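Work the whole structure out from these sequences, hints included.
Sequences listed follow chains A and B, in order.
Residues 1 to 443 (my numbering) make up the first sequence, in order.
Residues 1 to 443 (my numbering) make up the second sequence, in order.
Remember, identical chains collapse to one label, so a pair may be satisfied in a single copy or spanning two.
The calculated lysine to aspartate or glutamate pairs, modelled on DMTMM-like cross-linking and capped at a C-alpha distance of 25 Å, are: (1) 264 <-> 210; (2) 217 <-> 96; (3) 180 <-> 219; (4) 180 <-> 196; (5) 213 <-> 229; (6) 217 <-> 36; (7) 264 <-> 344; (8) 217 <-> 126; (9) 213 <-> 243.
Don't read these hints as lab results, they were simulated from the structure.
None of the values given here were measured: they were computed from a predicted structure.
2 protein chains.
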Amino acid sequence: MNKEIFVKLLEQRQYKAVRSILDVMNEVDIASLLTELNDRDLAIAFRLIPKDKAAEVFANTDGSLQAKLVAVFSETELRELVDDLYMDDTVDILEELPANLVNRILDTVSPSDRALINQLLNYPEDSAGSIMTTEYVDIRESMTVAQTMAHIKETGIHKETIYTCYVTDRRKLIGIVSAKDLMTTDDDVLIRDLMETEIISVSTHTDREEVAKLFTKYDFLALPVLDTDGRMVGIVTFDDAMDVMVEEATEDITKMAAMNPSEKSYFETSVLGHARNRIPWLLILMFTSIITGTIITKYEDAFAAIPLLVSFIPMLMDTGGNCGSQSSTLIIRGLALSQIRFRDIFKVVFKEFRISLVVGSVLAVTNGIRIMIQYQDINLAIVIALSLIGTVIAAKLVGCMLPLFASKAHLDPAIMASPLITTLVDIFSILIYFNVATILFQL
Amino acid sequence: MNKEIFVKLLEQRQYKAVRSILDVMNEVDIASLLTELNDRDLAIAFRLIPKDKAAEVFANTDGSLQAKLVAVFSETELRELVDDLYMDDTVDILEELPANLVNRILDTVSPSDRALINQLLNYPEDSAGSIMTTEYVDIRESMTVAQTMAHIKETGIHKETIYTCYVTDRRKLIGIVSAKDLMTTDDDVLIRDLMETEIISVSTHTDREEVAKLFTKYDFLALPVLDTDGRMVGIVTFDDAMDVMVEEATEDITKMAAMNPSEKSYFETSVLGHARNRIPWLLILMFTSIITGTIITKYEDAFAAIPLLVSFIPMLMDTGGNCGSQSSTLIIRGLALSQIRFRDIFKVVFKEFRISLVVGSVLAVTNGIRIMIQYQDINLAIVIALSLIGTVIAAKLVGCMLPLFASKAHLDPAIMASPLITTLVDIFSILIYFNVATILFQL
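Set out below in structure tokens:
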């Protein structure tokens with residue numbers, strides 16, 4: 001939808017046309033259109049959205065827009081909106097809103113809903129409890145397929161998903177029936193005879209990353225969440241799991257570039273916010289690389305005698321850093337996808353050792369030829385070639401081992417990525433280089 | 001399931017017990033159990049899997065295991081297996097199998113299926129066509145809800161998903177009805193009055209990454225795929241989209257660490273395979289950093305006069321590299337999630353400039369104090385402080401601009417990550433450093 005046309009229609013009060021447009025638009029697209037309107041147009045446009053879409057549009061807008069809308073809504077409008085929102089979306093919205101607006105919303109809901117919302121707000125931030133919804137189809141094993149279908153017809157419209165029905169007995173989960181099974185089975189079959197009893201579930205305190213991994217592994221549409229007493233309290237749906245996957249990948253990538261992850265997007269984070277996320281690691285890495293500098297001063301005599309030696313420092317340091325990050329990146333990703341485990345450490349180290357022999361030799365020969373052509377100095381070529389092979393081996397071994405040790409120590413392996421590896425490998429490459437040079441040039 | 005117990009039961013020919021175990025296990029878990037068996041046990045175990053699970057277990061095992069099984073299957077077994085497999089899984093499997101086994105499978109299917117499989121095998125590797133399935137629920141707008149439900153009961157069991165039904169008219173897609181709508185609507189309502197006509201679809205040639213993005217954006221369960229003439233030819237389901245998301249994130253992370261991405265996992269890739277993926281970028285970056293080395297030789301007089309200058313090279317180079325990768329990483333991720341676009345370039349550059357002033361000042365002051373304490377040399381402190389600020393600004397600007405230019409030039413921004421940025425920023429940091437030093441120390 002073209003924004004200009006939409007705004008023009010709004011300003012000309014062509015509300016019927018606006019309503020027709022909103023009628024055919026997807027909720028996600030309406031939400032992104034709303035972000036481009038000014039405050040007055042926004043309130044009018046939102047009230048013109050067809051009632052059955054309004055809640056989903058609202059859930060898809062960002063925090064600042066939601067705050068604006070809640071501030072102008074009447075109490076009746078608020079009550080209607082919250083009624084139509086799924087419980088997990090309500091909680092997500094409340095987590096973002098300023099306190100006075102949170103109270104406005106909590107005042108409109110029933111006491112039982114208020115208790116439930118407060119409970120959901122109390123689950124740890126990255127837990128299954130914090131992303132679950134409490135609206136699911138709850139059935140008994142003594143029901144028939146026809147009775148279940150009738151039950152769904154009656155209550156299903158308010159459930160986030162009806163494609164998995166949960167068979168409970170005194171709040172304990174005893175079975176699962178998919179809508180596909182219901183729709184392709186005869187009416188008089190008992191749920192007891194249809195339900196699957198091999199159930200994979202999570203607890204309210206399971207880390208949301210673990211939850212997302214289960215979704216990718218088993219291709220679930222929804223996953224039941226049990227409390228510490230094993231009673232069913234909610235479900236996590238696949239759309240929330242997909243969001244978690246994207247957020248977790250962003251978090252890992254951010255950490256791998258030596259920054260503290262932020263929940264906000266690039267433009268939502270302020271200049272000072274960005275600086276705060278970036279400075280701590282830069283300081284740590286800066287002081288680590290001072291060690292490398294200090295080591296270099298120990299070899300002052302060497303490069304005073306052969307100043308050309310200094311010019312190879314960047315090449316050796318960069319190659320070492322790159323080799324190290326290649327290995328650490330593959331290991332970090334393999335750990336994240338559960339393809340590599342700590343017990344594989346010897347296999348990994350042996351593999352990286354062989355890879356570094358191949359890689360190191362290719363780089364050494366290429367560079368050796370380059371130096372022979374440029375300087376016609378066989379000793380220099382040998383020094384650089386040997387240093388390169390040593391650096392590549394050291395870099396790959398450090399690069400593959402540190403993330404594995406981090407995982408063993410229950411640290412996030414992602415912090416053992418390029419920047420830290422690079423700085424550590426620098427020390428090795430400088431030591432190898434100047435020692436080889438000192439010996440071969442008899443300095 | 002404990003592997004040892006399972007193998008023992010197999011060897012003792014306790015097939016009834018084995019079958020009971022397989023009966024309650026999840027398909028994905030059975031598949032991973034099979035990978036641990038030897039060839040003889042494998043064939044026996046597979047034949048003991050309940051018939052309604054066999055196809056899904058098969059689809060969840062890896063290529064080498066599938067090849068082993070296909071090789072030992074009788075023609076009847078093969079035909080039954082392929083009948084039960086969804087079309088997209090069959091195609092995935094055929095893409096991995098050696099040619100003689102592909103022919104064995106193609107011989108068992110009907111001529112029309114064979115034509116379809118061959119067509120699916122011909123779609124470009126990363127296209128929607130290559131990941132779609134051709135089994136979906138196809139209905140007419142003149143049907144009622146009850147007729148549709150009856151149609152699903154009859155044909156649904158063989159469809160990969162029945163939760164979205166597609167209303168077509170002479171193969172053109174005219175509407176969509178969800179199973180939720182069907183299950184919560186009265187029997188005599190016409191599909192025409194129930195269907196949604198605002199349809200988001202992709203073409204057979206749409207890049208699979210684009211397809212995955214649509215799933216994350218709109219939370220779809222399935223997405224219709226149209227051919228170039230606008231006729232409906234298949235659907236992509238959310239589980240395939242999730243797999244694509246994980247694969248694409250891995251691909252980006254791999255590229256960002258200066259490696260060619262591989263479709264195989266870490267252990268599946270051979271030593272030479274790893275070396276081949278890593279060497280090209282290492283060579284390119286090595287030769288780029290030789291430029292930095294050459295620049296250093298131009299300042300031989302400077303560090304011959306003050307050898308201490310050399311010891312600050314690693315710190316400046318590392319800090320520049322780290323600052324540059326921080327910026328480039330955030331921009332690359334923002335581009336991948338469509339949160340940042342090329343048209344934002346001025347906003348980004350201005351933001352990074354302000355961030356680099358803050359970050360640069362903090363690093364400069366910290367380091368200045370350190371140098372004053374260690375060397376009591378105010379000139380040296382000023383040289384390093386100024387060089388740090390200059391390096392941070394240059395690094396952040398290069399780091400944020402290169403991925404944006406890459407996206408504009410339709411290159412993958414992920415290649416503009418840490419390693420390349422680091423090597424380029426090195427040149428800036430060395431030039432800034434030695435020029436500041438030459439001026440301030442009047443060398």
